[in-house]
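With chain B held as given, fit chain W onto it using these hints.
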Amino acid sequence: MNQKISISNLNFYYGKAQALYDITLEVPERQVVAFIGPSGCGKSTFLRTLNRMNDTIPIARADGEILIDGENIYAPGTDVVALRRKVGMVFQKSNPFPKSIFENVAYGIRINGIHDGKNDLSERVEKALRDAALWDEVKDRLNSSAFGLSGGQQQRLCIARALAVEPEVILMDEPASALDPIAAQKIEELIVELKKNYTIVIVTHNMQQASRVSDKTAFFMLGKLVEYGATIKMFQNPDQRLTEDYITGRFG
Amino acid sequence: MDHRIIDEQLDILRDKILLMGGATEAAVQRSMRSLVTRDNELASQVLEEEKAIDQMELEIDRLSVDILALQHPAARDLRFVISVAKITPILERIADHAGSIAEAALIINIEPLVKNYVDFPIMAQTAAEMLRSALDAFTNEDAQLSRQIIERDKEIDASYNRVFKQLLEMMVENPSATTGAAHLLFVAKHLERIGDYVKDICELNVYLREAAFIKHSSLN
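The listed protein sequences correspond, in order, to chains B and W.
Per the working numbering, residue 75 is the first one in the first sequence, and the count goes up by one each step.
Per the working numbering, residue 54 is the first one in the second sequence, and the count goes up by one each step.
A few of these clues could be false.
What the hints assert, rightly or not - In silico SDA-like pairs for lysine to any residue, Cα to Cα no more than 20 Å straight-line: (1) B/Lys307 <-> W/Lys242; (2) W/Lys242 <-> W/Phe133; (3) B/Lys307 <-> W/Ala265; (4) W/Lys268 <-> B/Gln310; (5) B/Lys307 <-> B/Glu100; (6) W/Lys139 <-> B/Asn311; (7) B/Lys307 <-> W/Ile135; (8) B/Lys307 <-> W/Ala264; (9) B/Lys307 <-> W/Phe133; (10) W/Lys139 <-> B/Gln310; (11) B/Lys307 <-> W/Arg132; (12) B/Lys307 <-> W/Leu131; (13) B/Lys307 <-> W/Ile267; (14) B/Lys307 <-> W/Arg129; (15) B/Lys173 <-> B/Ser113; (16) B/Lys307 <-> W/Phe266; (17) W/Lys268 <-> B/Asn311; (18) B/Lys307 <-> W/Leu121; (19) B/Lys307 <-> W/Glu263.
No wet-lab data here; the hints were simulated from the structure.
Chain B extracted, bound-state conformation:
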């Protein structure tokens, strides 16, 4: 199996405080990898190193290596905008723009100039909305404000917006934690569907969600990767006592 992302010996610092210690891990192509661990364990920080979202924090610093398709994304001269187009992100709180449903999805396509004309733009928007399992619910009100959608629909709109620029990797930081169980289930089904075409990394506090949607699970604690393996093994017979204690709710 191809490794889409290969991280070796990654250390990460916020000023003098070290947040990640010597992380080495590979994310296989077109699989779902879940990051779990107690609050403050570094899983979100780690997720954000994968498309250099942490660059926006002035005191943040990373060393080590992150290869995506063999290219070191921390190499000097890396086009960070192109990187983030390739590695899209969905956040815990849906954050649609104060625009119409159509324009939310079209936005990234327009600013990246990746369309050939009006028809092409509409087709791309429709495809992204279909891929995000939202099309049927919004096709008759594409010009209405995105704020009129339910929380779950807004989150799927954000996923459509991320898909519209045709990324290869999607990072999701607690994408369903603010949603009711039905909306969360839709997001989970969507994740499983999306992995046919995308590599997905998801941070979640919901252990059952991790076990339902992911192929591999990484357990972090205090900035260290404690254990990484097939989800089916991690939830039945993990190698590390710490992992066992965490997933059985003995701490965290």
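Chain W in isolation, oriented as in the chain B frame:
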């Protein structure tokens, strides 16, 4: 977290299965004693107590399902609930065999005493010992002991083959003993089956400890 909600329920589940294990072990021993000492009262008692064991099975089934549905156990907790849920019906079947031995005792005890039991007490003792050890191994999550017990099933099988031969010879030599000998043959078969079931329990003990499926290991 020092104490989890699930711990309390797992403790209850553990108590219940140990209680059922103890009752099953007692049923096997009593049924054999009722036969060897020709004690009809004891045989009837075994049959009466079968209902209590069935009741325990029902309670364990319910509790196991409740824990799975409400507590979502993972890792060792999950393996524990799964093991208990699979061991329970095995114990119930062992108790059924004990019941059948007791029923046979009620019939055999009317017949003239068949003197030449020979391997019977050994076979019964081996089965009872294996069952007790298997339950100990479950309690202590002892995979090594479980593997040793699995090996002992061969002893029971060997005894069964000897008993089978002896009883056949007895039927040929002494046709008047045929009814008694035929029933004893069934008893031997029950003991042999109990050995097989104990083996199944031990395989689940290994799963509980190591998350390994050793049953039908040639297929893995």
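Verification of the hints:
Under the criterion of a C-alpha separation no larger than 20 Å, the hint pairing B/Lys307 with W/Lys242 is inconsistent with the structure, at around 40 Å. Taking the CA atoms of W/Lys242 and W/Phe133, the gap is about 31 Å. The hint is violated against a cut of 20 Å. For the given pair, B/Lys307 sits about 11 Å from W/Ala265 by alpha-carbon distance, which is consistent with the 20 Å threshold. With a C-alpha separation of about 18 Å, the suggested pairing of W/Lys268 with B/Gln310 holds against the 20 Å cut-off.
Taking the CA atoms of B/Lys307 and B/Glu100, the gap is about 17 Å. The hint holds against a cut of 20 Å. The suggested pairing of W/Lys139 with B/Asn311 holds, with an alpha-carbon distance near 18 Å, which does not exceed 20 Å. For the proposed pair B/Lys307 and W/Ile135, the alpha carbon gap of about 16 Å is at most 20 Å, so the pair holds. Of the supplied pair hints, the one linking B/Lys307 and W/Ala264 holds, its CA atoms being roughly 9 Å apart against a limit of 20 Å.
For the given pair, B/Lys307 sits about 16 Å from W/Phe133 by alpha-carbon distance, which is consistent with the 20 Å threshold. Simply put, W/Lys139 and B/Gln310 have alpha-carbon atoms about 17 Å apart, close enough for the 20 Å limit, and the pair holds. Distance check on the hinted pair: B/Lys307 and W/Arg132 sit about 12 Å apart at the alpha-carbon level, within 20 Å; holds. At roughly 12 Å between alpha-carbon atoms, B/Lys307 and W/Leu131 fall within 20 Å of each other, so this suggested pair holds.
The straight-line distance between the Cα atoms of B/Lys307 and W/Ile267 is roughly 17 Å, inside the 20 Å bound, and the hint therefore holds. For the proposed pair B/Lys307 and W/Arg129, the alpha carbon gap of about 12 Å is at most 20 Å, so the pair holds. Under the criterion of a C-alpha separation no larger than 20 Å, the hint pairing B/Lys173 with B/Ser113 is inconsistent with the structure, at around 34 Å. For the suggested pair B/Lys307 and W/Phe266, the alpha carbons sit about 14 Å apart, so the restraint of at most 20 Å is met.
At most 20 Å may separate the alpha-carbon atoms for a hinted pair to count; W/Lys268 and B/Asn311 meet this at roughly 18 Å. This hinted pair checks out: B/Lys307 and W/Leu121 have alpha carbons roughly 18 Å apart, not beyond 20 Å. About 12 Å separates the Cα atoms of B/Lys307 and W/Glu263, which keeps this hinted pair within 20 Å; it holds.
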